[in-house]
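A.B. asks: First to last, the sequence lines map onto chains P and Z.
The numbers in the working numbering rise by one with no breaks, and the one at position 107 of the first sequence is 218.
The numbers in the working numbering rise by one with no breaks, and the one at position 103 of the second sequence is 214.
Hints may be right or wrong, so weigh each one.
DSSO-like cross-link-like pairs, simulated, lysine-lysine; straight-line CA separation at most 30 Å [said to hold, decoys possible]:
| # | chain 1 | residue 1 | chain 2 | residue 2 |
| --- | --- | --- | --- | --- |
| 1 | Z | 145 | Z | 199 |
| 2 | P | 145 | P | 173 |
| 3 | Z | 199 | Z | 173 |
| 4 | P | 256 | Z | 199 |
| 5 | P | 173 | P | 199 |
| 6 | P | 244 | Z | 256 |
| 7 | Z | 383 | Z | 173 |
| 8 | Z | 244 | Z | 173 |
| 9 | P | 244 | Z | 244 |
| 10 | Z | 449 | P | 256 |
Simulated from the structure, these hints should not be mistaken for lab results.
Computed from a predicted structure; not experimentally measured.
Here's the letter readout for the chains.
Number of protein chains: 2
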Amino acid sequence: MDKVKNDATRHRYEEVAAFVMELIETGTLPPGTKVPSLRTLSRQLHVSLSTTMQAYRVLEDKGMLEARPQSGFYVASSGPVALDLPEKSRPPMRPHRVSVAAPVLQMLEYAADPTLQPLGCAIPSPEMLSAGKLDRFLARAARLKGAEFNTYGTPSGEPYLRRELARRAIRWGQTLSPDEIAVTCGCTEALSIALKATTLPGDVVAIESPTYFGVLQVIESLNLHALELPTDATSGVDIASLERALARNAVQVCLLSSCFSNPLGSTLPGAKKRQLLDLLKRHEIPLIEDDIYGDIHFTEERPRPFMALDPSADVIYCSSFSKTLAPGYRVGWIATKKRLRQVLEGKFSTSLCSPILPQIAIADFLSSGGYDAHLRRLRRAFRSNIERMLRVIDEAFPRGTRVTRPAGGFVLWVKLPGAVPSDGLLQQALSENICFAPGKLFSTTGQYDDCLRLSCGHAWSDTLEQAVRRIGALAREWRD
Amino acid sequence: MDKVKNDATRHRYEEVAAFVMELIETGTLPPGTKVPSLRTLSRQLHVSLSTTMQAYRVLEDKGMLEARPQSGFYVASSGPVALDLPEKSRPPMRPHRVSVAAPVLQMLEYAADPTLQPLGCAIPSPEMLSAGKLDRFLARAARLKGAEFNTYGTPSGEPYLRRELARRAIRWGQTLSPDEIAVTCGCTEALSIALKATTLPGDVVAIESPTYFGVLQVIESLNLHALELPTDATSGVDIASLERALARNAVQVCLLSSCFSNPLGSTLPGAKKRQLLDLLKRHEIPLIEDDIYGDIHFTEERPRPFMALDPSADVIYCSSFSKTLAPGYRVGWIATKKRLRQVLEGKFSTSLCSPILPQIAIADFLSSGGYDAHLRRLRRAFRSNIERMLRVIDEAFPRGTRVTRPAGGFVLWVKLPGAVPSDGLLQQALSENICFAPGKLFSTTGQYDDCLRLSCGHAWSDTLEQAVRRIGALAREWRD
Chain P
112 MDKVKNDATR HRYEEVAAFV MELIETGTLP PGTKVPSLRT LSRQLHVSLS
162 TTMQAYRVLE DKGMLEARPQ SGFYVASSGP VALDLPEKSR PPMRPHRVSV
212 AAPVLQMLEY AADPTLQPLG CAIPSPEMLS AGKLDRFLAR AARLKGAEFN
262 TYGTPSGEPY LRRELARRAI RWGQTLSPDE IAVTCGCTEA LSIALKATTL
312 PGDVVAIESP TYFGVLQVIE SLNLHALELP TDATSGVDIA SLERALARNA
362 VQVCLLSSCF SNPLGSTLPG AKKRQLLDLL KRHEIPLIED DIYGDIHFTE
412 ERPRPFMALD PSADVIYCSS FSKTLAPGYR VGWIATKKRL RQVLEGKFST
462 SLCSPILPQI AIADFLSSGG YDAHLRRLRR AFRSNIERML RVIDEAFPRG
512 TRVTRPAGGF VLWVKLPGAV PSDGLLQQAL SENICFAPGK LFSTTGQYDD
562 CLRLSCGHAW SDTLEQAVRR IGALAREWRD
Chain Z
112 MDKVKNDATR HRYEEVAAFV MELIETGTLP PGTKVPSLRT LSRQLHVSLS
162 TTMQAYRVLE DKGMLEARPQ SGFYVASSGP VALDLPEKSR PPMRPHRVSV
212 AAPVLQMLEY AADPTLQPLG CAIPSPEMLS AGKLDRFLAR AARLKGAEFN
262 TYGTPSGEPY LRRELARRAI RWGQTLSPDE IAVTCGCTEA LSIALKATTL
312 PGDVVAIESP TYFGVLQVIE SLNLHALELP TDATSGVDIA SLERALARNA
362 VQVCLLSSCF SNPLGSTLPG AKKRQLLDLL KRHEIPLIED DIYGDIHFTE
412 ERPRPFMALD PSADVIYCSS FSKTLAPGYR VGWIATKKRL RQVLEGKFST
462 SLCSPILPQI AIADFLSSGG YDAHLRRLRR AFRSNIERML RVIDEAFPRG
512 TRVTRPAGGF VLWVKLPGAV PSDGLLQQAL SENICFAPGK LFSTTGQYDD
562 CLRLSCGHAW SDTLEQAVRR IGALAREWRD
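Just chain P, with the same shape it has in the complex:
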């Protein structure tokens, strides 16, 4: 251990990681080069193979190294992407009646079309979810427990799954009782029930702008209005704007992302989350938070949800396993300390209870410990996809294109320069069997027609890369 400074407060693998990081940052190991093999570096530094392996994994998690199968570790080759971030959004600050149903259903039809390159809907590809193990748990649950569970469950869901969910929440510092959780049919039902539990028809919901079109659809179907708030592509919603809206009693409930918002990938920093919670508390306005992308963080630590920051706040937390494990299982959940009764009434009147065996299978999977290893693989894969996509956009899209740099999730938000309408672009792309999500779907205000969202949920391939390049080329043609 002669070349590595020995520091009593650090683990050996951290020292090895720091050593390699220095080689990268000083340019000794430039982007794209192969780093020393595990065996070589271990010998050089007089540490065990497993210590070096741990160091490389840490650097991979930080995005500094990339593992290439059958080849070894390389310095991440993306380098800084030159494109600017999108500017903070400036939606007109008045409530809007929502009406996105027709184009949204159209998008879903595109998503179900296997002949289209899947850059449209934010759907992880089945092979990336590799849920074979989960399916085996479901098969086992059906065989062994089918008869026992062939009955209505309670609206709150299976206690076994609720216990596992409460246990997981400890990781982000949240103390939850299984009795504060209700299982839902995915995150969409969770958000719908949460809005029902906090609003009356005609009420105004404050949301990020742009925001996921599914949220807009839920708001529309409950006869609510949306107030879109200016939102920064990195640091999330603008609190001062929300404060002004609250001051004139223009908002009855807030619905925000916990982190890695869809489509911006933005995350409100912890201190601002607390500030927002205090603000809402003063105005006695409930907060619904959508944490569906929370487990897909590229940072070392998972950002803490609002609810974990202040257990006394009036928060309804919504999430699901649809982005990380099994969209087809439709298992989501709500956690709330203040609104459980309304939530259970809402669940009963929406779908009575959730299917039982999929809940048992997921609880078995969580309890087996398999979920965390799966998440580690998935985060690396999504992160690598995002970086490759960023590089291709950088190369192929028109000068002046802006693009987000999400710290989690698997979508990118692209703002095209000039007046390129993404709707027209989509029609051209579709004629070449390429799909993406046009910007206007993400707002009630008619904004974002010059934006589009690209999903990085599918395994990277040459065909996919060519599809992204083709969108860029089409956008350049519009410009010319």
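With chain P held as given, fit chain Z onto it using these hints.
C.D. replies: Frame of chain P, contents of chain Z only:
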């Protein structure tokens, strides 16, 4: 074949059945006696064993014979029950804001309590559903198709299941395309989506009185009002009353049972169904029909749903497999020829799509042909339960008790004489570990406090019989 008149237009088994029926009706074979063994009667009538068996099964289906395991066939011993039917209901004809959430959630908690005798919620017991075969289909689907289906489905549901559902509808004379069907998370979600597709907050829904509390809960959660219509315990809703309400524009949508309504067990006869459809058409009012009990008919033929009677009518048909096969799978569906777009938007905004593998398992089960044999067993079992329950009520409940005689389903509606409050009765029953559903849950008007609903969804047992007798005894004590 000397003793049986030979009629060229009848099958032999029908002639044998007619012969035995005459023996019963003339009193030659009184209630409760054993009928001749298959072998004996076959020899006497010079017909094959299988012909006699078929004849006995027909009589069993008509409720004239009962098969007792290891013993043979007996003349059904129930005989006519002396109790009167409940009078036609007379709810106050004005819209009511609905508020039943708290006592309904309480009922669900009782339903989940295994220490209580399960006469409360209308839940078929797992052993009567004997869904082992279905569970094996689910296990198989998870093993073989798990990866393929680990993605979001479309809001309309799996095409395979929709094809099977469309195929089944042919049995009741309904021509449906799979593209006119949307799969839901049980019948509750179907009803919720159907109401969303046809109403705005504050609208008035015309319903039967009394009606299933789950329907009331859905109406409440969508901020609608209920107009309860007078309803006959046999022949269903009073059309003249509906006509008067429509004439003064007091109703925006109708929600009625297709047959065997819960809790009355009433069915609008075909001619009256057509009359009602014409009336609604004149007023351009949509009809939502709930056919969840339709497959549990004690009559030879299944009553036809409204939708089958007039394909041009504005009908949203709702049903599910929860009462006949698998409440825990949460597979329901909507069929509609006029409102599909609104229904799909509703499904997307309520839960995006339904879990896929349970849909595949049920489609496999339907396609295997196993469902019909299962239904035949189930109908016999529910019918036998209903008859035993009626007999016990006849013997044990106070003089003046009225009770329904449903031709399908598995619930009985009991009206107690005098002013016995079923709420108070329930508290006493609960203290003796017996549960039933108190009448006031089934209305928004505060009526039916002297009524109660008994579920016959569990296999008959001495303990269950004692529980019913005990409720009767408690009711008699209130009277004294």
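A.B. asks: Are the hints correct? Go through all of them and say.
C.D. replies: Hint check results:
A C-alpha spacing of about 38 Å is found between residue 145/Z and residue 199/Z, which places the hinted pair above 30 Å, so the restraint is violated. Annotation: proposed proximity of residue 145/P to residue 173/P holds, straight-line Cα distance about 17 Å (limit 30 Å). For the given pair, residue 199/Z sits about 26 Å from residue 173/Z by alpha-carbon distance, which is consistent with the 30 Å threshold. Taking the CA atoms of residue 256/P and residue 199/Z, the gap is near 44 Å; set against the 30 Å cutoff, the hint is violated.
Between residue 173/P and residue 199/P the alpha-carbon distance is near 26 Å, which keeps this suggested pair within the 30 Å criterion. Distance hint between residue 244/P and residue 256/Z is fulfilled; the C-alpha atoms sit about 13 Å from each other, no more than 30 Å. Simply put, residue 383/Z and residue 173/Z have alpha-carbon atoms about 24 Å apart, close enough for the 30 Å limit, and the pair holds. The hinted pair formed by residue 244/Z and residue 173/Z meets the criterion: a straight-line CA distance of about 28 Å does not exceed 30 Å.
A C-alpha spacing of about 23 Å is found between residue 244/P and residue 244/Z, which places the hinted pair at or below 30 Å, so the restraint holds. Pair hint residue 449/Z plus residue 256/P does not hold up; C-alpha atoms about 41 Å apart against a cutoff of 30 Å.
Violation of the numbered hints given earlier is confined to hints 1, 4 and 10; the remaining hints are satisfied by the structure.
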